[in-house]
Amino acid sequence: MAAHDDNTGLLAELLALGNREGSCQLELRITRRDSCRRHILSIDEHTYLQIAALGPLSGYKVRLSLYMKWDPFRRTYFSSLVRMKDTFSETLYFNCSESYGEQLLELKELEYAPSRETDWQEAAADARIMPVLSRYKQAALPGSKYKRTLLLRGLMFGFLLVLLLLRMDGGETWLFANSVEARQDNTNVDTASSGGSAADTDRTAGTGIAAAAPDPDHVHNVSEAPEAISPDGLQLLPLSGETVQAAPAPAGLPVQTQTLYETIELSGDSYVYSLPEGYVALSFDDGPSPYTEQLVDILVKEGIAANFLFIGVNASRNPGAVRYADEHGMPVGSHSWDHSDMTANSAEENRINLERASRLLEQLTAAPVTIFRPPYGAVNSGLAEVADRQQLNILLWNRDPEDWKAAGPKDILNYFKTSEPSGGIYLLHEKQKTLQALPEIIAYLKGQGLKFAVFK
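Counting in this note's numbering, the sequence shown runs without a single skipped number right up to 468 at its last residue.
One or more of the hints may lead you astray.
Calculated pairs, PhoX-like style, for lysine-lysine (alpha carbon to alpha carbon, straight line, at most 20 Å) [as the list claims (entries may be wrong)]: (1) 445 - 429; (2) 120 - 81; (3) 97 - 468; (4) 417 - 463; (5) 313 - 458; (6) 429 - 417; (7) 429 - 458; (8) 422 - 458; (9) 313 - 463; (10) 429 - 463; (11) 81 - 313; (12) 313 - 445; (13) 417 - 443; (14) 73 - 97; (15) 422 - 443; (16) 73 - 468; (17) 445 - 422.
Source of the hints: derived by calculation from the structure; they are not laboratory data.
As the structure is a computational prediction, the values presented were derived from the model and not from experiment.
Using the sequences and the accompanying hints, generate a full structural model.
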């Protein structure tokens, strides 16, 4: 079976979170390219309680990060989600188990089950290979321990398969009862648990996947709260009765009680190169790069956002950074496919260039690209017309620290301190010296009492 294409867009939306018969479950909608599929994951109690303690989620669109990181200071793993409503966006962090991180990894690598019976039989033959331990642990496992782990997982697989066969209903196997929603829904629904399995299953790194749907009596919707849920949002009780508080933010990434920026919708009537007095905006060109995720982490820590204008070629080489920026609430825009001077191109060349960049970015973020910054700021009426036909709004700038040629972080910061920041749209680049200067830049702008803005 072909490996998963890293360039494929992957978006995870948290639909429901609940506890059924002692099993902690969350329901996700995974969007990849032009397909959409639901998954039900059985997760560990620790991670479940950490997510539940984040506060009300009902009424929000909740984007779940498929990334896990290690906090060396608190010696724990953590992940995040973004809850959004209108122009409000807030990133919340929670402690998670290593097994939860492995499930995220498996979801990212998961291939969809073949639709035809013959294809399924071929896939099932591949699936008989013993499950592989996650890349987090396999390298450190001695041979004997590795074999014991595989044996235990195989026994677990057989045990759960027997249980599921006992619950056959009309020739179909459903992991949960009351599966009317799954049978009526056109979207595919999967269930997964670390080490569990079911009939009609894709085997992917030890995770069982089977068609199913959540029991509406026990799993609470996040995106649309049922009537039984209080108007304050989703409220889940700890399994064992103890009070659980949200995990402290990972070292260097404190949770913000509210975002400190506004989103400005562009109309496309004219080029945008300035803001009203009292506002300021940061924008980063030429990514994605090895510094993208670190830049995003700093912005999230400070409760603000910035526009990231990505070059298509760079995005094709580093798709994970594009997804990371998008998942953490950063507006992703186009900076062309190849950073050429597009005023020297024909209209057809520009059409192909912009379409190619937008198509890739939209696959990676599962959202339309509406912002375009011409390379070098070079734009003429012909390029503007092509961009307009693709519903791209042109974003320019009026503050340029020239960080790409600065001697060091202090030179970049000095530009901010010696120019009037109010009304400024700053042009920055994904450079190490810019990364080093960013915390002080943000602190200085906050000290001026300015409101941060992003463009969509």
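Kindly indicate which numbered hints from before are broken by the structure, ordering the numbers from low to high.
As far as the earlier hints go, only 4 is violated by this structure.
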